[in-house]
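With the hints as extra help, turn the sequences into a complete structure.
No gaps in the numbering here: position 178 of the sequence shown is 178 in this note's numbering, and each next residue is one more.
The hints are simulated quantities; they were obtained by calculation from the structure and are not laboratory data. Any given hint might turn out to be false.
With a straight-line Cα cutoff of 30 Å, these simulated DSS-like cross-link-like pairs (lysine-lysine) come out [unchecked claim]: (1) K12 / K68; (2) K145 / K68; (3) K334 / K346; (4) K245 / K348; (5) K346 / K9; (6) K169 / K53; (7) K334 / K119.
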Amino acid sequence: MGFEEEVRKAVKNLGGWFNAHAHIDRAFVMESKFVEHADMDPWEIATYPLEAKQHTTGALHEGLAYTKGSLQERISRALEESIEHGTRRIDSFIDATDDCIGSSAVELACELRERYKDKIDFRVGAYPIFGFKDDQPRRWDVFVKSAQAANFIGTLPERDARAYHIGFKEHFRRILSFANSLDFKEVHMHVDQTNHPQECGTETLIEAVRWLRPDSTGRMERRLPSVWAVHALSIASYSEERFCKVVDGLRETNIGVIVCPSATLSNKQNRNINVPMHNSITRVLELLLNDIPVRLGTDNVQDFFLPAGTMDLYNEVSYAANILRFYNFTTWAKIAAGHRLNEVDKMKIRSALDN
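Here's what the structure looks like:
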């Protein structure tokens, strides 16, 4: 059998795929009808920089996409396609914002979570994509209501680094403190998405967890992380010394990393920045070798962020295997199914890094 057949067979034997990061409320919107009210072209939006794409999400909320009928149809389609591909669990951010949608998307997703519970483990993450402003308290109120109903909290700290927002570091403090008040609810944070050495999101997350949710024995006692760094791409651009400090911090605080290879590959690279040579993906093999839990996600699917994305997690395995030049299918199957690696897996990773 070829690589794909071996991976799919191994994942099936392990119980199915675990898609650890998605945005299925925005899936399947690459048609003009979803943004024609704003006089926009979805294919043009797809060429915009990341921050501009985040802005256009507001226009998506105001149109057909976030009506109950469309939202239900598209989320259901994403779940059905996931089931068809053999996915046993999917964790998806769902927008929760102080605009026309409020908490309605999260509420509908929770209804579908119950409807599909016998077919797939669908976990809902409340996602305040537009961040917080102290002079607009309803932003926080909508998020609180949504987070209470959700399985986990998903956020975008960089959004609050903007003027008139609560601030980058304050975002970490406020979110973790609130999550702790909800019986230490799981938190997933987008960090270091642009492959730029000036980004310090993973480092800031480590410091925040040290103070607000320390778990110095978690790794030793083999507890699953309750805090996950999504992407952590820019740490691949760090010097070796700085990267090793990040790895030590992740180990100390028991923070896991979620990687979406197709998403990080789609980043536009800044050719004016000199950094250690690397592909546009975080250093997955080094993280695994240092016992940092790593999960895979599809991220966005057929929306402005990733128009060519699919619900088939095998594609993410394929991208990662080629980018990292690591082809041990049993190890990739364990990662893609959400299983722990053993010492034999680590030996194979070490051998690949040494070659």
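Structure-based check of all given hints:
no.: 1; hint: K12 / K68; result: violated, 34 Å
no.: 2; hint: K145 / K68; result: holds, 19 Å
no.: 3; hint: K334 / K346; result: holds, 12 Å
no.: 4; hint: K245 / K348; result: holds, 24 Å
no.: 5; hint: K346 / K9; result: holds, 21 Å
no.: 6; hint: K169 / K53; result: holds, 23 Å
no.: 7; hint: K334 / K119; result: holds, 21 Å
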